[in-house]
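Build the full structure now, drawing on both the sequences and the hints.
Protein chains in written order, with our numbering: chain A, -14 to 236; chain B, 5 to 251.
Take the hints with a grain of salt, since some may be wrong.
[To be verified] Lysine to any residue pairs mimicking SDA-like chemistry, simulated, CA-CA at most 20 Å apart:
| no. | chain 1 | residue 1 | chain 2 | residue 2 |
| --- | --- | --- | --- | --- |
| 1 | B | LYS30 | A | SER151 |
| 2 | B | LYS30 | A | LYS30 |
| 3 | A | LYS30 | B | GLY218 |
| 4 | A | LYS59 | B | GLU120 |
| 5 | A | LYS30 | A | MET77 |
| 6 | B | LYS30 | A | LEU100 |
| 7 | B | LYS7 | A | PHE(-4) |
[Claimed, not checked] Now the in silico label distances, taken between C-beta atoms and shown as ranges:
| no. | chain 1 | residue 1 | chain 2 | residue 2 | range |
| --- | --- | --- | --- | --- | --- |
| 8 | A | PHE105 | B | ARG25 | 41 to 51 Å |
| 9 | B | ARG25 | A | GLY(-9) | 46 to 56 Å |
| 10 | B | VAL150 | A | VAL8 | 51 to 61 Å |
| 11 | B | ARG25 | A | THR95 | 18 to 28 Å |
| 12 | B | LEU146 | A | PHE(-4) | 33 to 43 Å |
| 13 | A | LYS3 | B | ILE248 | 34 to 44 Å |
| 14 | A | ASP4 | B | LYS30 | 42 to 52 Å |
| 15 | A | MET77 | B | PHE23 | 20 to 30 Å |
| 16 | A | PHE105 | B | HIS42 | 46 to 56 Å |
| 17 | B | THR175 | A | ALA117 | 48 to 58 Å |
| 18 | A | MET77 | B | THR24 | 16 to 26 Å |
| 19 | B | LYS30 | A | THR216 | 50 to 60 Å |
| 20 | B | VAL12 | A | ASN49 | 31 to 41 Å |
The hints are simulated quantities; they were obtained by calculation from the structure and are not laboratory data. Every residue gets a Cβ at the ideal spot worked out from N, C-alpha and C, and that includes glycine.
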Amino acid sequence: MIEAVGICKQFGDNMVLKDINCVFEKGKTNLIIGQSGSGKTVLMKCLVGLFEVDSGKVLYDNRNFSSMNTNQRKKIRQEIGMLFQMGALFDMMNVQENVMFPLNMFTDKTEEEKLDRVNFVLKRVNLENSNALMPSELSGGMRKRVAIARAISMNPQYLFCDEPNSGLDPQTAGVIDILIQEITREYDITTIVNTHDMNSVLSIGDQVNFIYKGQLWWQGTKDEILETTNTELNDFVFGTELTSRLKTRRS
Amino acid sequence: MYKFVHTVGQYVLLMRRVFTRPQRGKIFWNHLFDEFQHLGLESLGIVAIISTFMGAVVAIQTAFNIDSPLISMSMVGFTTAQSVILEFSPTVISLILAGKVGSRIASEIGTMRVTEQIDALEIMGVNSANYLIFPKVVACLLINPVLIVISIWLGVLGGWIAMEASGLVTTTDYLYGIRIDFDPYIVFYALIKTVFFAYIIATVAGYYGYVTEGGALEVGQASTKAVVYSSILIILFNLILTQILLT
Ligand SMILES: Nc1ncnc2c1ncn2[C@@H]1O[C@H](COP(=O)(O)OP(=O)(O)OP(=O)(O)O)[C@@H](O)[C@H]1O
Ligand SMILES: [Mg+2]
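Structural data, given as structure tokens:
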């Protein structure tokens, strides 16, 4: 479980996050949704400590992450897996080396044990036998899956995904979403996903947090989101041609 | 002015993170050997070509400028060796390396920054500054002096080849000239300068790459900045070090 308590963050005069209070529960896929520029990425980077918060704190299972020093944070970081918006694979390493990297860095496993683990997680994301490919040889969807494999190679307790399916076709996007949800349930971890894709919201949104202009505007489940009367959220949800047509047909 | 202080402060803070013990010795050594390859071996060609031609030109010009019969032609060997060792190899080759190696370091690290690879390292709990920059600094500190020694040899050799080919100075005179008043201290002086310059190249380029923000365009700008500022610093420190070491 991760808790955000009164998080504020500003860049110069730009107040990006205004007093965010939120609980992300274990074993659930917790979504953060909102328009482009609403502060989703900034919020996620505050949660993992890539940005320092101006005020407020972040608790990882009641451990106050915000007040920790670099060394204490390093411990928690080894329990975190993160999938970046653009994948962030190390482009000078092949798939196997990418996935093995955290294991090399932080464990004393033998080569054989590490290779077993790498093959296991690659199989989990349906990428057997691509160990020797370089990131430049992968398709967008494959890169995302390698990034997921790398993120879970250390058995994380917390999984962060920043727009895991942006830039993918709807079907591949769906595969990635389901993969994230399965991993979350299978290993009972706390997962937080940034997205602005309504398909993802409706398929894996166990808990949905809607950010509007830097504020936490609405919270609920994927089922509640279709029934809401909240104007800003409605604009977001039914903002496209397709969804608004569906809505008219419903009513 | 504020910007200058800010940059220097940021640089110092970054260096404090760079100069720490690597988290994994084995990974560091592997990295270091890769960097020897990328930053050292791959620069060998350009260093060799420039040094040989530089030595040849210095020798030819000196030979043409000696028109008094009172001055022995062995002065050509003397002058070529002195100028190559004192100035051309350590300073000019370091400037060339600032262009080649500096832009490579800045664009490599800058690309990793804008594609969030550095964030990915940090998230895992890796000290990305140390992991990325430290092996490059160590590699430059060790390999640049080797390149400069090679450059000195080739510069002197280039002068000799030019004199042989043109028949301006005999081999005996040339070789005799090199040994006149030869003081090993000047080689030591050249190497001290080289090590300073190597440090400037690697850390300045590492800094500009590391603090890149934005996208591909900014990566290009970072690598230009790295080359410009490390070159300026090399010229500046050349003056300071020459004052300190030769007076
Ligand atoms: N490093 C930074 N420095 C200054 N301002 C920033 C920085 N990062 C983000 N911002 C600002 O914070 C705001 C929110 O950006 P953020 O990246 O969180 O949006 P987002 O919700 O993730 O959008 P998208 O869906 O497009 O990824 C934007 O106005 C942006 O300009
Ligand atoms: Mg974003």
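Outcome of the hint check:
no.: 1; hint: LYS30(B) - SER151(A); verdict: violated (37 Å)
no.: 2; hint: LYS30(B) - LYS30(A); verdict: violated (30 Å)
no.: 3; hint: LYS30(A) - GLY218(B); verdict: holds (16 Å)
no.: 4; hint: LYS59(A) - GLU120(B); verdict: holds (18 Å)
no.: 5; hint: LYS30(A) - MET77(A); verdict: violated (25 Å)
no.: 6; hint: LYS30(B) - LEU100(A); verdict: holds (18 Å)
no.: 7; hint: LYS7(B) - PHE(-4)(A); verdict: holds (18 Å)
no.: 8; hint: PHE105(A) - ARG25(B): 41 to 51 Å; verdict: violated (32 Å)
no.: 9; hint: ARG25(B) - GLY(-9)(A): 46 to 56 Å; verdict: violated (37 Å)
no.: 10; hint: VAL150(B) - VAL8(A): 51 to 61 Å; verdict: holds (59 Å)
no.: 11; hint: ARG25(B) - THR95(A): 18 to 28 Å; verdict: holds (24 Å)
no.: 12; hint: LEU146(B) - PHE(-4)(A): 33 to 43 Å; verdict: holds (41 Å)
no.: 13; hint: LYS3(A) - ILE248(B): 34 to 44 Å; verdict: violated (56 Å)
no.: 14; hint: ASP4(A) - LYS30(B): 42 to 52 Å; verdict: holds (46 Å)
no.: 15; hint: MET77(A) - PHE23(B): 20 to 30 Å; verdict: holds (23 Å)
no.: 16; hint: PHE105(A) - HIS42(B): 46 to 56 Å; verdict: violated (33 Å)
no.: 17; hint: THR175(B) - ALA117(A): 48 to 58 Å; verdict: holds (55 Å)
no.: 18; hint: MET77(A) - THR24(B): 16 to 26 Å; verdict: holds (22 Å)
no.: 19; hint: LYS30(B) - THR216(A): 50 to 60 Å; verdict: holds (58 Å)
no.: 20; hint: VAL12(B) - ASN49(A): 31 to 41 Å; verdict: holds (34 Å)
Checked against the numbered hints listed earlier, the structure breaks hints 1, 2, 5, 8, 9, 13, 16; every other hint is satisfied.
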